[in-house]
Each structure stands twice: as structure tokens, then as C-alpha cells.
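Chains F and G, in that order, are what the protein sequence lines are.
As numbered in the working numbering, residues 1053 to 1201 make up the first sequence, in order.
As numbered in the working numbering, residues 1053 to 1201 make up the second sequence, in order.
A few of these clues could be false.
No copy labels: a pair is met if it fits in one copy or bridges any two.
Lysine to any residue pairs mimicking SDA-like chemistry, simulated, CA-CA at most 25 Å apart [claimed, not checked]:
| id | residue 1 | residue 2 |
| --- | --- | --- |
| 1 | K1062 | R1117 |
| 2 | K1170 | A1150 |
| 3 | K1062 | I1185 |
| 4 | K1170 | E1189 |
| 5 | K1170 | G1123 |
| 6 | K1062 | T1156 |
| 7 | K1062 | S1201 |
| 8 | K1170 | L1127 |
| 9 | K1170 | Q1069 |
| 10 | K1062 | L1188 |
| 11 | K1170 | L1188 |
| 12 | K1062 | R1182 |
| 13 | K1062 | G1123 |
| 14 | K1062 | G1178 |
| 15 | K1062 | R1159 |
If you are wondering where the hints come from, they were derived from the structure by calculation, not from laboratory data.
2 protein chains.
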Amino acid sequence: MNIADVIHAKADGPQGQIFTIGPGDNVTTLLAALAEHNVGALVVTEGSADDLQVVGIVSERDIVRRLARDGAEILDRPVSEIMTTSVLTCTPADAVDAIAETMTDRRIRHMPVLADGKLAGLVSIGDVVRSRIRQLEHDRGQLEQYISS
Amino acid sequence: MNIADVIHAKADGPQGQIFTIGPGDNVTTLLAALAEHNVGALVVTEGSADDLQVVGIVSERDIVRRLARDGAEILDRPVSEIMTTSVLTCTPADAVDAIAETMTDRRIRHMPVLADGKLAGLVSIGDVVRSRIRQLEHDRGQLEQYISS
């Protein structure tokens, strides 16, 4: 099972769209966008719709940590000041178990998916571990069936 | 494998302590506590140390959603105004797979663990699914060994 399967499973559900924000948008706009789409993170992108460049990722965690440090003044600051710029990405061909391990080990909640360098999706640790659990349950079922037959 | 195993695994690591906050503490204090302990949620408790009563749970998500709605004024408001009061809890005896399913289905990230009605821990969806994956990998290994022998 690979990341393409995870993206396709999401594409059929309510979390199928990729939501993005610009680095120059402010944190108040970001808060509204997270609430509107009911998500915990957005990919920060620059460029035209058919050639989006990923410049960062910004999450609830980034907001609350900066709020703790700098207070309410961050609400007027641009997303570029609070986003994470060292973004680990994956591709549709990556194996789910490898990505699940990377996200768990490095405590990464969200990872953009790039296909031929273009933004193709965003997977969360939740998406990835759910796929991993389904795969393992399937494997166990197959082995049990093999033993009993 | 049950929730007691998850708590014991956490107790040996950096996330072993249970961090709590009072319903009367304000959101600025909450932000500082989340940053200090490097966690995403705290259990809201009342009462003396040997008889803590769980009155709610409060997370990064609660903060950013209320910030989006009400703006910076929430920073001075008490935790009781933004916390989630309908808290699903579990016990050390609960099976990990059942709790993993409940948390996934109901999109609950954190669940307090009560032992004899007393707060005994806090498990995250991450803790629970990691245990579930380890269990399934172990099961698969056993079955494969059985088949090859």
C-alpha cells in the first residue's frame, strides 16, 4: 500500500481537498481558514494555481506556541513568520509503512505529497496510521485464513 | 493489549506525567503550560491532589477555534469557557483496539484514563494507534513463524 492509495481514499471523503494559504496572509486569516475547512494545518504556497510551490506548512501547534511566546500581536503578523519552512514531503509512490514510521519517529503530523514536484495532496499522521492498521488487519486475516484452510 | 500497557509504556518516556490545569486559570496560562510541557492538550481538574475530579479537557484545537471566533479577548478568559466538558474517558482495563476505534471514529485526539474514578493518565490517539500497530505487527510475525515452521 502506498501514499497514492491514502490520497485516493481521502479524495472520496470530506477531507479530499487540499487547502492552502499564502505566506503573506496574516494569522487571523489563517485562523478563519482552519476553522472554515475544519483542519489542523494548511500548506503554504506561492505561485499560480497550475504551478504551486510549497514554501512551508503551518499548523495549530505553530499558532499556539507563538501565541505563548509573543502574545496577541502575532494575530496581525504574516503566516511566513510562524510557519515551518523545513517541510518533509513524500510522493504518491512512497510506501505507507515507511512514511508512518518517519511521521511517528519525527513527530510530524502533516506531510505534503508532491507528484512530479507539484502539490498533489496533504496526508496527516491519522490518515497514514489508519491505512497501516487496515493493511496489517488485512494481512493477519489472510494468514489466519491460510492456516485454517 | 489494554490501556494499562499504553500508560506504562508512556510512564517510562518523556510523556509519562499527567499535566492538568484548573478551570479558573486563564487561556494565557494554558498556552504557557502547553508550551512548557510540550503537549497538545491538558486535563482540566478540580479538587485536591489525592482526589482530582476531571471537569473537562482543553486542547490546541479549542484555543484556535475560539480565537477564530472571538479574537484575542479569549486570552484573558478562564479555561472553563473554552474547554470541552463532554469528555469521553476510558479505564486501564479497556482493550486498545476498541479505544483506537472509538477515537478514530469520533475524531477524539485525547482521552483521560480513570482508575476507580481517579485520574490515572491521558492517552492520545497517537499513543493508542502506535500500540495497535505494534500488536498487529507482532500478531503477523507470530502467524508467519507458525506457517514457516
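So, going through the hints one by one against the coordinates:
1. Taking identical chains as interchangeable, the C-alpha atoms of K1062 and R1117 lie at most 25 Å apart only when they sit on different chains, with a minimum of 23 Å there against 29 Å within one chain.
2. Taking CA atoms no more than 25 Å apart as the test, K1170 paired with A1150 passes inside one copy only; the shortest distance there is 21 Å, against 38 Å between copies.
3. In this assembly of identical chains, K1062 and I1185 lie within 25 Å of each other by CA distance both inside one copy and across copies; the values are 16 Å within and 21 Å between.
4. Proximity of K1170 and E1189 under a CA criterion of 25 Å is satisfied in neither setting, with 33 Å inside one chain copy and 34 Å between copies.
5. Proximity of K1170 and G1123 under a CA criterion of 25 Å is satisfied in neither setting, with 35 Å inside one chain copy and 35 Å between copies.
6. For the homomeric pair K1062 and T1156, the shortest alpha-carbon distances inside one copy (20 Å) and between copies (15 Å) are both at most 25 Å.
7. Taking the shortest Cα distances, K1062 and S1201 never come within 25 Å of each other, neither inside one copy (35 Å) nor across copies (40 Å).
8. In this assembly of identical chains, K1170 and L1127 lie within 25 Å of each other by CA distance neither inside one copy nor across copies; the values are 30 Å within and 39 Å between.
9. Taking the shortest Cα distances, K1170 and Q1069 sit within 25 Å of each other inside one copy (15 Å), while across copies they are farther apart (42 Å).
10. For the homomeric pair K1062 and L1188, the shortest alpha-carbon distances inside one copy (19 Å) and between copies (23 Å) are both at most 25 Å.
11. Taking the shortest Cα distances, K1170 and L1188 never come within 25 Å of each other, neither inside one copy (30 Å) nor across copies (35 Å).
12. Taking the shortest Cα distances, K1062 and R1182 sit within 25 Å of each other both inside one copy (11 Å) and across copies (21 Å).
13. In this assembly of identical chains, K1062 and G1123 lie within 25 Å of each other by CA distance neither inside one copy nor across copies; the values are 36 Å within and 32 Å between.
14. With identical chains, the CA atoms of K1062 and G1178 are at most 25 Å apart both within one copy (11 Å) and between copies (19 Å).
15. For the homomeric pair K1062 and R1159, the shortest alpha-carbon distances inside one copy (22 Å) and between copies (15 Å) are both at most 25 Å.
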